[in-house]
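Take the sequences, apply the hints, and build the full model.
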Amino acid sequence: MSNTRFRLPTITIRDAWSWTWPKLFAIALVLGAWEILYLSEWRPSYVLPGPIETFAALFDMVGTERFWLAVKTTITRAGTGSLLALVIGSIVGIAVARIKPLRLAVGNVITGLQVMPSIAWFPLAILVFGLNEQAILFVVVLGAGPSIANGVIAGIDHVPPAFTRLGRVLGAGPVALYRDIVLPAALPTYVAGLVQGWSFAWRSLMAGELLVIIAETPSLGTTLDFARQMSKVPELIATMIVILLIGMLVDTIFGTISRKIRRDRGLAIDD
Amino acid sequence: MTQAEVMLRTNNVSKSFGPEGAATVALSGVDMTIRAGEFVTIVGASGCGKSTLLNLFAGLDRPSAGTLEVNGKIALMFQEATLLPWLTARGNIELALNYAGVSRKNRDARVAELLEIVRLGEWADKRPHELSGGMRQRVALARCLAQGAQIVLMDEPLGALDAMTRDHLHDEIESIVAAQGLTVVFVTHNMREAVRLGDRVILMGSRPGRVVYEQSVPLKRPRAMDSNDIASRAAELTNRLKAEQGTLQGADS
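In order, the protein sequence lines correspond to chains W and C.
Sequential numbering from 54 applies to the first sequence in my numbering.
Sequential numbering from 154 applies to the second sequence in my numbering.
Everything labelled a hint here was simulated from the structure, so no lab data went into it.
Hints are supplied without guarantee of correctness; some may be wrong.
Among chain C residues calculated to face chain W with C-beta under 10 Å, some are [unchecked claim]:
id, residue
1, L213
2, R215
3, L236
4, P238
5, L248
To list a few chain W residues with every Cβ distance to chain C over 10 Å, as calculated [to be verified]:
id, residue
6, T65
7, I66
8, S93
9, L111
10, T126
11, V140
12, N161
13, G183
14, A207
15, T242
Don't be surprised by glycine CBs; every beta carbon is placed ideally from N, CA and C.
Below is the structure:
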């Protein structure tokens, strides 16, 4: 068995500390600024509560079944939407990269869709699908798909010509050339597209959950909206913190995958 | 004595790039015959069409005029090792075996055998960035052998290596080629290297690329890069190339 492929990095306490302290420092800085703002009474405490009150609300919230149902709904939507966007975006990306007339026809449209705010799709989505899951998924896929497709296209465009030449010299057929050489070579850029796709999916989903409220289906978006309507500001900010943390967690997972791919290819600096 | 079978032959081969009228002639009227088991080196200044000729032999491009005869399977080795960075040394060789139609169950044994030939048995699970430049070229050589070709085209494969590593690889390539009975066309711009390795050296002139001189090298092997015999033959080739370039410059002025 290869001892290179499965080698785990050795992490010392010193490494862990050097990685942790800047983050702890940043959190402390934010909490400190927030507390000062709260104490300055810039806004009344029922509009802008302090960090202690907010974290107490967060603590209470995570103890309820409704909170975990909301998290489950939102994560399921994000997962399903991202997966659909991954499949559709990848197929469209490969087709556009490979078929020249298709690129001329829709290449610019994909970039156009990527920069179009996904919230602009909601009125149409609601009219077409109604106030339901499909409307949300439709916009999530439209939010993430173009970034993923563009990641595939850019990745394929930047495959060194020497690799495709090598494939031909080795006798690879068109399918094998793509499967064994072109797509693996495009992987780092593809993953970068996935990261961007995820961030668009997450943003679209939050917009969708605020606009498309489905009865009896708690989600992080509805929790947010409900807290605003009831003027439960600590709960509102606590939900925002959860949304931020989920986004950061998924980004960290993608970042780790991306760094592993780059390190395996001798592209990453030790970080 | 009967002559060995012809592996590669060009008859009045020419190659131009660009639109008609404004085309750049890379090769003009090239006649060349390479027989089984021969180690032929091709030398010439940059841009004399050496790599273009190899591309024609490898089927990566087609001649604009003339005919080309190829009798045998061809493998090509580039100046850069061009190893796929996401695969280990083993994976890179396995890929070539896969395309060559070697069954999955026979691949492991064949990879081990090929890595032993290039003396990299211990490095099978390293990725390209974990190997030195010389090691990477040895993996590329093993990958070439994995293709099961009778003819190996080498396009300045040692050009980017330091002198010591290059000397080691000369010995290795020489013994592997002899042991496997390969026919080799080796392109270089280094005259000594051409004489060190070749049974025959073909000198190509520029603008347009064509064969200007051929030299047989009947020196006994193994040969040393710094031997007097090699130095004097290399000097002769250099003088001929200079004379050829002088003619060109004269024509330009």
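Beyond 10 Å from every Cβ of chain C: is that where the Cβ of T126/W lies?
holds, 37 Å
Against chain W, is L213/C within 10 Å by beta-carbon distance?
For L213/C, the interface hint holds, since the closest Cβ of chain W sits about 6 Å away, which is under 10 Å.
Identify whether the interface hint at L248/C stands, where standing means a beta carbon of chain W within less than 10 Å of its own.
L248/C check passes; min Cβ-Cβ to chain W is 6 Å, inside 10 Å.
Do the numbers back the hint for P238/C, that is, is its least Cβ distance to chain W under 10 Å?
holds, 4 Å
Could you check that no beta carbon of chain C comes within 10 Å of the beta carbon of L111/W?
holds, 42 Å
Consistency of the no-contact label for T65/W, given chain C and a CB cut of 10 Å
At roughly 23 Å from the nearest Cβ of chain C, T65/W sits farther out than 10 Å, so the non-interface label holds.
May I ask you to test the interface hint for R215/C with respect to chain W, counting a Cβ-Cβ separation under 10 Å as satisfied?
violated, 14 Å
With 10 Å as the threshold, tell me whether S93/W passes as away from chain C on beta-carbon distances.
Given a closest Cβ separation of 54 Å, the condition holds.
Can we trust that I66/W is non-interface, i.e. its beta-carbon lies farther than 10 Å from all of chain C?
With a cut-off of 10 Å, I66/W remains clear of chain C, as the shortest Cβ separation is near 28 Å.
Confirm or reject: N161/W is not an interface residue toward chain C, with every Cβ-Cβ distance exceeding 10 Å.
holds, 29 Å
Take a quick look at V140/W and tell me if its Cβ sits farther than 10 Å from every Cβ on chain C, holds or violated.
holds, 22 Å
Are L236/C and chain W close enough, Cβ to Cβ, to be under 10 Å, as the hint says?
OK, holds: L236/C within 10 Å of chain W, min 9 Å.
Going through the hint list in order, the structure does not satisfy hint 2, though it satisfies all others.
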